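**Student:** The residues making up each chain are set out below.
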Amino acid sequence: MMTKKLEVNILGWGAYIPIYRIKIDEICLEWGEDPSRWRKSLGLNEISVPALDEDSTTFAVEAARSAVKRAQISPNLITAIYVGTESKPYAVKPTATIVAAAINASARLSSADLEFACKAGTEAMRICIDHSLVNKTVSLAIGADSAQGKPRDALEYSAGAGAVAFIFSKGVPKHAESAAMVLHHFSYVTDTPDFWRCNGRKYPSHAERFTGAPAYFKHTINAAKGLMEEVGTRPSDYDHVVFHQPNGKFPLKAAKILGFDIKQLKYGFLADKIGNTYAANAMIGLASILDNANPGEKILMVSYGSGAGSDAFDMMTREGVQVKRELAPKVLDLISKKKYLTYGLYAKHKGKLIM
Amino acid sequence: MAYVSIPLYKRTIPQRYKLIGLKCKRCGWINFPPKGICKGCKVSSEFEKVKLSGKGTIYSYTVITAAAAPPEFSKQEKSGGSYVVALIELDEGPRIVAQLVNCKPENVRIGMRVESTIRKIYEDEGVVRYGFKFKPVEESLK
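Chains A and B, in that order, are what the protein sequence lines are.
For what it's worth, this note's numbering labels the leading residue of the first sequence as 1, then goes sequentially.
For what it's worth, this note's numbering labels the leading residue of the second sequence as 356, then goes sequentially.
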């Protein structure tokens, strides 16, 4: 059964990736591990690391500013800001209001921070898309994280840092242009304890192998299938597909199970270069697709958040995508600007070594 | 740097996050940070708010090294080592003091083009004090 199209526009998008990286080999050197084994088992080469004076809030602001530049609208038009993150600097005090102040948004605003592990960013997208649909206004959704992994834990080899922002609108404001259109979304969630962080704990825990089949694959595959069934599409209908990338192997396997070709992952697959940016993860892949796609191309995005759930989005690019991509830094340009850290410096940047 | 209370920090958020300055209605001078009396004509107190571009040029700079950092930046210096503090001439005219990021001290030069970015400046009373720092514009590094 085909559901009614949402037809909510993406007016602008913006990404932010800090310039610092640590190589998987450098982490292995610290712990006496075999680098080739870790690189092969995770499918990652290096991960992005925040500067000493950066956090998920500064990432979110930078991404939002780029999205506003591409949207070519007054920030006063924005009536909702939702930020998905699991690494907010405050336990109680919203990131969204800091972003609002920094981009000069109006105070007449619906806003909150959301937490759903790596899915919080796409949940912010769903809320903003629906907000724009119902209220016929402009909204801003952000996924931002500076992810943590316990020293020597498997997560330490994959936890990256970055943010991404999208501006949505039902209809197109005067002097603005649409870059893409969100046509459908579909969510699939179950109670699955595969990854968690308890109150007051610095580092998250995970259930080892349980994070695969019953968690990541079950939810991403059911969300993708559920969306395609509702919309009436097949994998071959999409020009681009992007999955959540907790490592460099899971998204490739999910694509294969669903019947996608590796070529469809070309622009959205970034994990090997920056690691897992958690709430920003699949959305940075979507930003990279918009940096490269031609008008009229179909996109499928499927996020995954532990706990657990997936959001799937059916989208199509529009004429504005080509002009807009030149108005702010592109994802691959942000990835190419990098400075490598030793493990000691990395530990300070991540707050693992407190002076 | 003097102690900045939470109410004072709150009142100065527009200048810290967005580089909002005051343009004198009498002489046109751009005042940043905002002043009570215009720094240009030294007479007028009538202004209009202007958002500065965040782009500028390094007019002069210094490198803060071990034991030279003020208390609120001592943690930063201990963790990250020496850091650059620059006098930046904004394109709109005002000269302001700010830290320089994404650039090693040995690569800084007078005349380098820079642009603003938001960073954690320091934390006090449990409140993160966000504000502007500057980073080199790509072309300046070539």
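Since the hints were made in silico from the structure, they are not lab data.
Just to be clear, a hint being listed does not mean it is correct.
To be verified - What the simulated footprint calls covered on chain A by chain B, stretch by stretch (three residues with Cβ under 8 Å from a Cβ of chain B suffice, anywhere in the stretch; the number is not a length):
id: 1; segment: 41-55
id: 2; segment: 199-205
id: 3; segment: 214-227
Said to hold, decoys possible - If you want the footprint, here are the derived chain B segments under chain A, 3+ residues with CB under 8 Å:
id: 4; segment: 368-379
id: 5; segment: 408-415
id: 6; segment: 423-436
Every value quoted in this text rests on a predicted model; they were computed, and no experiment measured them.
Beta carbons are placed, not taken as given, at the ideal position from N, Cα and C, and that holds for glycine.
**Student:** Let me make sure I understand: some of the numbered hints might not hold for this structure. Which ones are they, in numerical order?
**Tutor:** Hint check: 2, 3 and 5 fail, others pass.
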